[in-house]
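Sequences are here, hints too, so could you generate the full structure?
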Amino acid sequence: MAEDLRLSDHELIVLCNDSDADDAALAFNTLYRRYKDYVVRVAMRFSHDHDIALDVLQETFSYLLKKLPPLGPGIALSAKMTTFLYPVVRNISITQLRKASRFESSDSLDPTDLPAPPAAPDDDLGQLLRKLPIERREVLLLRFVDDLSLQEIAEVLAIPVGTVKSRLHLGVRQLRESPEIRKIYFS
Amino acid sequence: MDPRDSDIEDLPQALIDDLEARDRGMTLLTARVDRHIEAQAFAQFSARRKRRRVPRAAWAALAASLLVAILVLDRNPIDDDMGHEIYADLDGSGRIDIADVLHLARQRERLSQEEINAFAMKVVSLSSWEKAS
Chain A
4 MAEDLRLSDH ELIVLCNDSD ADDAALAFNT LYRRYKDYVV RVAMRFSHDH DIALDVLQET
64 FSYLLKKLPP LGPGIALSAK MTTFLYPVVR NISITQLRKA SRFESSDSLD PTDLPAPPAA
124 PDDDLGQLLR KLPIERREVL LLRFVDDLSL QEIAEVLAIP VGTVKSRLHL GVRQLRESPE
184 IRKIYFS
Chain B
272 MDPRDSDIED LPQALIDDLE ARDRGMTLLT ARVDRHIEAQ AFAQFSARRK RRRVPRAAWA
332 ALAASLLVAI LVLDRNPIDD DMGHEIYADL DGSGRIDIAD VLHLARQRER LSQEEINAFA
392 MKVVSLSSWE KAS
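Residue numbers (this note's numbering), protein chains in the order written: chain A, 4 to 190; chain B, 272 to 404.
Among the hints, erroneous ones may be present.
Pair by pair, the computed Cβ-Cβ distance ranges are [unchecked claim]: (1) B/Gln311 / A/Ser81: 36 to 44 Å; (2) B/Glu291 / A/Pro90: 17 to 25 Å; (3) A/Asp40 / B/Leu337: 55 to 63 Å; (4) B/Ala391 / A/Lys69: 43 to 51 Å; (5) B/Arg303 / A/Glu183: 33 to 41 Å; (6) B/Ala285 / A/Ser81: 34 to 42 Å; (7) B/Ala334 / A/Ser22: 23 to 31 Å.
Don't read these hints as lab results, they were simulated from the structure.
Please read these numbers as outputs of a predicted model, since none were measured by experiment.
Built from N, CA and C at the ideal position, the CB exists for glycine as well.
Okay, here's the thing in structure tokens:
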């Protein structure tokens, strides 16, 4: 496997956009290795299915390749790479789930139709996460696991900041109100 | 400011750690996808390499065309307005052309670079003049 380039994400994107074939391929593969686990994790949040998550991984980076010359105009990275990737992974995950016929066919898939995390193996936290509506679970994970700001969450989900705050508030309250979670984490 | 904000940033660190651990535990073996993406990237960026080769091919074609034009158009001896013997059909091909310049270049021990350059310029300018006319 080729050695990874020790460059920032922005520098790697510039190489992917503008450099010659060998440097562009090396830069792209470096980005792939840097973010493939993140893409798989986000895909698993939606699908909870290994095969679908791998399909999402492949589709996500194929999509990015098509954005780069000579097929596309290039990528303008104006934020963190995770902020750029999240909506792509989210949309592809929903599309893949629809293809897998796990939902009723519809043009606009409501995130609340997405499945809960798998039933087993599980613990108190897992059980509570399963009970959370997907939109609250999604915002909680973006805030506390991915460490995105409220503004960044609003941007990646294309919703108002006020809606982000509301979903976070409801998600945190649901966690706090669980007797098991309260006993373990809030005592 | 929304009073509910005070709740938002207030999860215990242990709970955040467990949320992270559950999320980061979802790693998969991606060897199949790794190979696919690497091959796809190689194929796409190779197309970029081919695209950048086109100008070089165009330059080669232009140079070849120029050489053919010189060989075809220049069938008459060049007048030796300097009285110098170098403007002649040196290779015995029946015409004075770029091949004669090359012939001269091989005899550099008795000719200066300026003389060879002058001959080359005369061959080229004559060809251009004949092509125009």
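Going down the list of hints, with the structure as the test:
{"no.": "1", "hint": "B/Gln311 / A/Ser81: 36 to 44 Å", "in the structure": "25 Å, violated"}
{"no.": "2", "hint": "B/Glu291 / A/Pro90: 17 to 25 Å", "in the structure": "21 Å, holds"}
{"no.": "3", "hint": "A/Asp40 / B/Leu337: 55 to 63 Å", "in the structure": "57 Å, holds"}
{"no.": "4", "hint": "B/Ala391 / A/Lys69: 43 to 51 Å", "in the structure": "50 Å, holds"}
{"no.": "5", "hint": "B/Arg303 / A/Glu183: 33 to 41 Å", "in the structure": "39 Å, holds"}
{"no.": "6", "hint": "B/Ala285 / A/Ser81: 34 to 42 Å", "in the structure": "35 Å, holds"}
{"no.": "7", "hint": "B/Ala334 / A/Ser22: 23 to 31 Å", "in the structure": "28 Å, holds"}
In summary, the one numbered hint that this structure violates is 1.
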